[in-house]
Amino acid sequence: MFTPHTPQEIEEMVKVIGVDSIEDLFLKVPKEFRFPRLDLPEAMTEMEIASELKEISSANASTDDFISFLGAGAYHHYIPAAVDMILRRGEFYTAYTPYQPEISQGTLQAIFEFQSLMTELTGMDVSNASHYDGATAAAEAANLAYHFFRGKRRKILVSRAVNPQYRETIRTYMQGLGDVDVLGDEVGDESLSNDEYLLNMVDNDTALVMVQYPDFFGRIYDYTKLIDLAHAQGVLVAIVFNPTALGLIKPPGDFDADIAVGDGQPLGIPLSYGGPYLGIFTIKEKFVRKLAGRLVGETVDIDGQRAYVLTLTAREQHIRREKSTSNICTNQGLMALAATIYLSVLGKNGFKQVSNLCFQKAHYAAEQISALEGYELAFPDQPFFHEFVIKTPRPVNELNLHLQDHWILGGYDLSQDYPELENHMLIAVTEMISKEEIDEFVSVLSEVNHD
Amino acid sequence: MKTPKELRYAKTDEWIKVEGDEGTIGISDYAQDQLSDVVYVELMVEEDDEVSIGDILATVESVKAAADVNFPVSGTIIAINEDLADAPEVLNSDPYEAGWMVKIKLDDPSELDDLMDADGYEAYNQERE
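Going down the list, the sequences are from chains A and L. If you use the working numbering, the first sequence corresponds to residues 1 to 451, in order. If you use the working numbering, the second sequence corresponds to residues 1 to 129, in order.
In case anyone wonders, no lab produced these hints; they're calculated from the structure. All of these numbers come straight from a predicted model, not from anything done at the bench. Warning: the hint list may mix true and false statements.
[As the list claims (entries may be wrong)] As a list, the in silico SDA-like pairs of lysine to any residue whose alpha-carbon atoms are at most 25 Å apart: (1) 152/A x 174/A; (2) 323/A x 21/L; (3) 286/A x 37/L; (4) 286/A x 47/L; (5) 64/L x 15/A; (6) 152/A x 34/L; (7) 286/A x 305/A; (8) 11/L x 320/A; (9) 323/A x 109/L; (10) 28/A x 44/A.
[Claimed, not checked] Beta-carbon label-pair distances, calculated as ranges: (11) 307/A x 124/L: 35 to 45 Å; (12) 54/L x 199/A: 15 to 25 Å; (13) 92/L x 100/A: 56 to 66 Å.
By construction, the Cβ of each residue, glycine as well, lies at the ideal position given by its N, Cα and C atoms.
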């Protein structure tokens with residue numbers, strides 16, 4: 001057991017605060033709750049516990065066992081072995097921005113490299129040191145817009161084609177601000193396509209318009225017009241992006257987006273049952289004073305040598321208190337490092353290749369599936385990246401049960417979040433899936449319809 | 001510490017210089033000294049805004065703190081010092097001239113009676129030390 005204090009030290013301390021023992025500090029807690037008897041099983045040896053844990057974990061099915069067509073915000077990509085090897089080095093093995101930052105030059109440099117990679121990827125001016133995940137990064141975008149207008153603009157418009165979990169997180173963050181309305185994602189056929197519906201809602205009380213790219217259904221839209229018209233009313237625009245897609249399609253910075261956020265999980269971070277993931281947060285330079293979270297900058301030390309610092313910290317809560325844009329004073333250090341290693345190991349060309357493989361394989365799968373009797377593309381006219389929606393002849397959960405018998409994880413059942421999309425499956429295809437596996441998926445889907 | 005005689009001062013460390021029914025507002029030498037090096041000034045109002053006593057005029061960031069500047073009087077904004085965005089350090093070097101923040105048309109000059117004169121403000125600062 002780890003005991004930080006010796007008995008002598010404890011004795012000294014209790015003497016100073018005027019009690020007889022540590023137990024006296026808990027006298028306020030009713031006696032029957034003070035030292036509850038825990039109903040725990042008999043202690044086991046290490047060997048026994050290892051065997052028990054192994055047995056429990058064998059009840060899980062992972063993407064090692066299944067061919068996975070599940071995406072919807074988290075994607076199964078290949079992770080080069082170097083990512084884990086470097087990540088686990090003791091010098092780097094921390095989840096946080098260091099609390100004594102300047103003595104942790106290596107960690108700061110790694111974060112600086114991460115920020116540089118993110119600005120390169122997105123075409124934006126500034127990246128912070130990261131947030132928890134894509135959902136919280138999206139919520140911070142809403143937060144930034146609200147504070148940019150000093151609370152004077154009270155509408156946040158979020159497309160219905162933005163990840164439902166992100167929209168929920170934005171609402172959770174905004175509820176504390178009281179007078180903010182999160183709108184734009186109402187049920188309806190029109191709200192499922194991005195541009196017109198949102199544009200009609202934009203007015204001079206709108207702080208932010210948020211769209212996703214590719215959107216939750218995998219579709220790719222050109223947001224040039226949306227952004228121009230929003231800017232004409234002084235409204236900020238945030239784009240939620242998938243980093244893998246940016247290996248192939250125009251980055252958010254080229255659309256003149258004000259804020260670009262995304263989940264960095266596809267960049268070398270395992271699915272891990274939903275986390276820890278990585279929130280990417282990038283902006284145009286003019287919003288830097290409103291930026292949430294940590295920011296690492298490069299400078300020179302007293303001898304003129306390159307050095308790294310946490311910069312513009314007066315934005316943050318530990319100095320600005322309740323006037324700060326956000327209460328976030330940390331980052332997702334280890335996951336940011338994973339993304340940094342992943343991108344460095346792949347290089348520009350390798351990354352583009354991953355992106356292209358996803359695109360090509362997804363399009364092959366879409367072609368094959370939509371040719372089946374009873375199956376069709378839900379949005380046949382819209383370009384897509386590595387995810388697409390198929391209208392299915394039977395409920396998605398039924399199909400998925402059949403697919404599981406063939407060691408296939410089917411796509412995401414959209415009716416969970418979109419009542420208007422009963423019998424609609426969101427299918428993701430990454431570089432991890434071979435042509436043969438796609439063909440197998442297609443043949444099971446075909447069989448199921450004829451059962 | 002400079003405390004020009006012709007100005008009036010608020011307990012929250014703003015000064016106001018009155019000419020006719022117009023006032024110019026900034027922060028005092030004492031305030032800039034307490035804040036230390038100012039790195040950013042964000043003016044929270046625009047021309048033609050109508051403001052009341054206590055409304056937030058600006059947020060000032062220094063290397064060690066962030067502080068609000070409040071309106072010591074009510075009125076309508078007639079000018080703002082746009083140069084502060086690019087040269088926040090003038091708040092340290094010249095708080096009473098180049099460091100002015102806004103010019104305001106006073107609603108009610110009698111509000112000035114609630115502010116301190118230079119002697120009163122100096123005494124107030126000494127009390128706080």
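Here's how the hints hold up against the structure:
| no. | hint | result |
| --- | --- | --- |
| 1 | 152/A x 174/A | holds, 14 Å |
| 2 | 323/A x 21/L | violated, 32 Å |
| 3 | 286/A x 37/L | holds, 22 Å |
| 4 | 286/A x 47/L | holds, 21 Å |
| 5 | 64/L x 15/A | violated, 37 Å |
| 6 | 152/A x 34/L | violated, 31 Å |
| 7 | 286/A x 305/A | violated, 29 Å |
| 8 | 11/L x 320/A | holds, 21 Å |
| 9 | 323/A x 109/L | violated, 31 Å |
| 10 | 28/A x 44/A | violated, 35 Å |
| 11 | 307/A x 124/L: 35 to 45 Å | holds, 42 Å |
| 12 | 54/L x 199/A: 15 to 25 Å | violated, 39 Å |
| 13 | 92/L x 100/A: 56 to 66 Å | violated, 28 Å |
Against the hints set out earlier in the document, violations occur for numbers 2, 5, 6, 7, 9, 10, 12, 13.
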